[in-house]
Amino acid sequence: MIKNLNMKLFLMALTFFFGGCEDKGTGWTPDMIPDDPVITPGDDADTEGIHTYNAPLYWSVYEYCWKLERRNEELVNAGGQGQAIDMSEGSWQNIIDYVAENLLPYGYNMICTDGFMAMDGTSEPDPTGYMTKYGSVKLKKLSEMCKAKGLKLGVYDNPLWIHGPEETIIEGTDNITFKDLRYKQGEDNVLYPDADDGFWWVVASHKGAEEYIDGFFKYYKNLGVDFIRMDFLCYYENGYDRGMNAIKGKGYGRENYKLALQYICKAAKKYGVFTSLVMPNMHEDAVLEREYGNMARIVGDTWSGGWHHVSNSDRGKVFEDWPSCGNMFDGFTHWSKYSGRGKMIMDGDFIRLNTFGSDAEKESVISLQLMAGGPVAITDVPGDSFANSDLKFCQNEEMLALNKDGFAGKPLSDVLNSTNSQIWYGQMTNGDWVIGLFNREDSKQFRSVKFSDLGIEGKMKVRDLWKHADEGEADNLNVELEAHACKIVRLTKL
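Under our numbering, the residue at position 48 of the sequence shown is numbered 48, and the numbers go up by one with no gaps.
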């Protein structure tokens, strides 16, 4: 029987307390090459043009699910029973209506599912064998509901997960079945044969894997889905959890991981689907993720959100394996050397506006994502935690113009905890410059920068993008910022 993917509930609860993954062997040695049936890695996938996307603006169901999981834990700890994590069709419709009315006019054009809910491919299987239901709602119906309101549907799924019946024949093969894609004890050599993470994974080196992955993206494109958020990639690559110091997956090896990403890249490009890589180890300076993915998470999970996730979690530390950084500031700063136009998008994970303690913090979290060229993924729940007063932080058109322009700035320094790492800058396609001054500290701080230090000569017109106010002409900025505050300005030639 296919295992229930709600195993993620257990995995996420453990990760919440203990952290991510550490490298305990990242590739196959010559004596670990699996036996038949296998294929050998071929030429690299054609990656030309895959880094032309702007970072997505969207709403995610993450907070709704996360809060319900927390409630369930409280009920169980009190001696009761939790409830299934699900959302009714009517609740989905309410959210879709809210996003269409309040966020779509500002460029947020997608609703996205996430983990937690059951991901079903067996009770009402599609002939292709891929996932058909998320919770109690059919994906086809959810896609139609979004489309009716001018929105897209993004789906949390992984082309390396098997949902459907094991006897399903993979389209485009000579009777190769889903069962043939799975790990074979005694035949496949993996890093940790006895590990079980709750998923049936596609072994990329098996015959039929390329066709299965191609069919995955074809299936979703036909459903009207062009955004896939794929999780637990570190479990696939090396199987080890850094924080728990425990084995969490079989670990199919570096070469198998590369082959899987090649197949994913090839199929995603073929069908025009955006790939979001989640929980990647980012080994070797993320050479594989940067080559084959449209976007990759560079920071640990949002969890309870707040300033902790933006700035304080494991501050100043960089780890070899997932998650490489514990907070947004460190993640964006550390990986900034590889970000920019025409490069992989760095993902700082979800934004829970209701978890912040001040308007200054809310401005800072939105600003940091946009200054770094990352996505803005709002997950506050309409009618629950999404206060109408918070909409203004999502609807700042002068800030959102950065996303529309494909802007991706850099810090003045990529040395973590340096003051200059809190000064970001970059240039718009029309020649305007944008500078962001941030204060990560818990007290007032001064931030200053000479435009000439950024390669900007002479005086410029200065406009504050949060105050929506022109501030005259200058050749430098020198400001005092409240704790956790920021100042974002756009510079235009005189």
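If you are wondering where the hints come from, they were derived from the structure by calculation, not from laboratory data. Any given hint could turn out to be false.
[Stated by the list, open to error] No more than 30 Å apart at the CA atoms, straight line, and that leaves these computed lysine-lysine pairs for DSBU-like:
{"#": "1", "residue 1": "Lys269", "residue 2": "Lys317"}
{"#": "2", "residue 1": "Lys266", "residue 2": "Lys218"}
{"#": "3", "residue 1": "Lys410", "residue 2": "Lys337"}
{"#": "4", "residue 1": "Lys147", "residue 2": "Lys67"}
{"#": "5", "residue 1": "Lys179", "residue 2": "Lys270"}
{"#": "6", "residue 1": "Lys179", "residue 2": "Lys138"}
{"#": "7", "residue 1": "Lys337", "residue 2": "Lys266"}
{"#": "8", "residue 1": "Lys140", "residue 2": "Lys184"}
{"#": "9", "residue 1": "Lys461", "residue 2": "Lys149"}
{"#": "10", "residue 1": "Lys152", "residue 2": "Lys317"}
{"#": "11", "residue 1": "Lys266", "residue 2": "Lys317"}
{"#": "12", "residue 1": "Lys152", "residue 2": "Lys218"}
{"#": "13", "residue 1": "Lys258", "residue 2": "Lys392"}
{"#": "14", "residue 1": "Lys404", "residue 2": "Lys140"}
{"#": "15", "residue 1": "Lys392", "residue 2": "Lys269"}
{"#": "16", "residue 1": "Lys179", "residue 2": "Lys147"}
{"#": "17", "residue 1": "Lys270", "residue 2": "Lys141"}
{"#": "18", "residue 1": "Lys450", "residue 2": "Lys343"}
{"#": "19", "residue 1": "Lys343", "residue 2": "Lys270"}
{"#": "20", "residue 1": "Lys140", "residue 2": "Lys266"}
{"#": "21", "residue 1": "Lys140", "residue 2": "Lys270"}
{"#": "22", "residue 1": "Lys141", "residue 2": "Lys184"}
[Stated by the list, open to error] What follows is a set of in silico ranges between Cβ atoms, one per label pair, in the way DEER data are often shown:
{"#": "23", "residue 1": "Thr492", "residue 2": "Gly82", "range": "52 to 62 Å"}
{"#": "24", "residue 1": "Asp453", "residue 2": "Gly272", "range": "40 to 50 Å"}
{"#": "25", "residue 1": "Ser123", "residue 2": "Gly455", "range": "18 to 28 Å"}
{"#": "26", "residue 1": "Thr47", "residue 2": "Lys221", "range": "12 to 22 Å"}
{"#": "27", "residue 1": "Asn417", "residue 2": "Ile169", "range": "51 to 61 Å"}
{"#": "28", "residue 1": "Val287", "residue 2": "Gly186", "range": "28 to 38 Å"}
We treat Cβ as the ideally placed atom computed from N, Cα and C, and that holds for glycine.
Outcome of the hint check:
The straight-line distance between the Cα atoms of Lys269 and Lys317 is roughly 35 Å, outside the 30 Å bound, and the hint therefore fails. At roughly 12 Å between alpha-carbon atoms, Lys266 and Lys218 fall within 30 Å of each other, so this suggested pair holds. Distance restraint check for Lys410 and Lys337: the Cα-Cα separation of roughly 8 Å lies within the 30 Å cut-off, and the hinted pair is therefore satisfied. As the CA atoms of Lys147 and Lys67 are separated by approximately 27 Å, the hinted pair is consistent with the 30 Å bound.
For a cut-off of 30 Å, the pair hint linking Lys179 to Lys270 stands: about 26 Å separates their Cα positions. For the given pair, Lys179 sits about 24 Å from Lys138 by alpha-carbon distance, which is consistent with the 30 Å threshold. Taking the CA atoms of Lys337 and Lys266, the gap is about 26 Å. The hint holds against a cut of 30 Å. Between Lys140 and Lys184 the alpha-carbon distance is near 33 Å, which puts this suggested pair outside the 30 Å criterion.
Of the supplied pair hints, the one linking Lys461 and Lys149 is violated, its CA atoms being roughly 40 Å apart against a limit of 30 Å. Taken as a hint, the Lys152 and Lys317 pair is broken in the structure, with Cα atoms around 37 Å apart against an allowance of 30 Å. Proposed proximity of Lys266 and Lys317 is contradicted: the alpha carbons are some 34 Å apart, above 30 Å. Between Lys152 and Lys218 the alpha-carbon distance is near 16 Å, which keeps this suggested pair within the 30 Å criterion.
With a C-alpha separation of about 42 Å, the suggested pairing of Lys258 with Lys392 is violated against the 30 Å cut-off. In summary, the hint linking Lys404 to Lys140 is supported, as the alpha carbons are separated by about 29 Å, within the 30 Å threshold. Note on Lys392 and Lys269: the hinted pairing is violated, with a Cα-Cα distance of about 35 Å set against a maximum of 30 Å. A distance of roughly 35 Å separates the Cα atoms of Lys179 and Lys147; the hinted pair therefore is violated under the 30 Å criterion.
Simply put, Lys270 and Lys141 have alpha-carbon atoms about 25 Å apart, close enough for the 30 Å limit, and the pair holds. This hinted pair checks out: Lys450 and Lys343 have alpha carbons roughly 28 Å apart, not beyond 30 Å. Between the alpha carbons of Lys343 and Lys270 the distance comes to roughly 19 Å, so the proposed pair stays at or under 30 Å and holds. For the given pair, Lys140 sits about 24 Å from Lys266 by alpha-carbon distance, which is consistent with the 30 Å threshold.
Taking the CA atoms of Lys140 and Lys270, the gap is about 21 Å. The hint holds against a cut of 30 Å. For a cut-off of 30 Å, the pair hint linking Lys141 to Lys184 is broken: about 36 Å separates their Cα positions. For the hinted restraint 52 to 62 Å between Thr492 and Gly82, the CB-CB distance of approximately 55 Å keeps it satisfied. Separated by about 41 Å at the C-beta atoms, Asp453 and Gly272 satisfy the suggested range of 40 to 50 Å.
For Ser123 and Gly455, the Cβ-Cβ distance of about 59 Å falls outside the hinted range of 18 to 28 Å, so the restraint is violated. Between Thr47 and Lys221 the beta carbon distance is about 19 Å. The supplied range of 12 to 22 Å therefore holds. A C-beta distance of roughly 55 Å is found between Asn417 and Ile169, which places it inside the suggested range of 51 to 61 Å. At about 33 Å, the CB distance of Val287 to Gly186 agrees with the hint of 28 to 38 Å.
Consistency with the previously given hints fails for numbers 1, 8, 9, 10, 11, 13, 15, 16, 22 and 25, ordered from lowest to highest.
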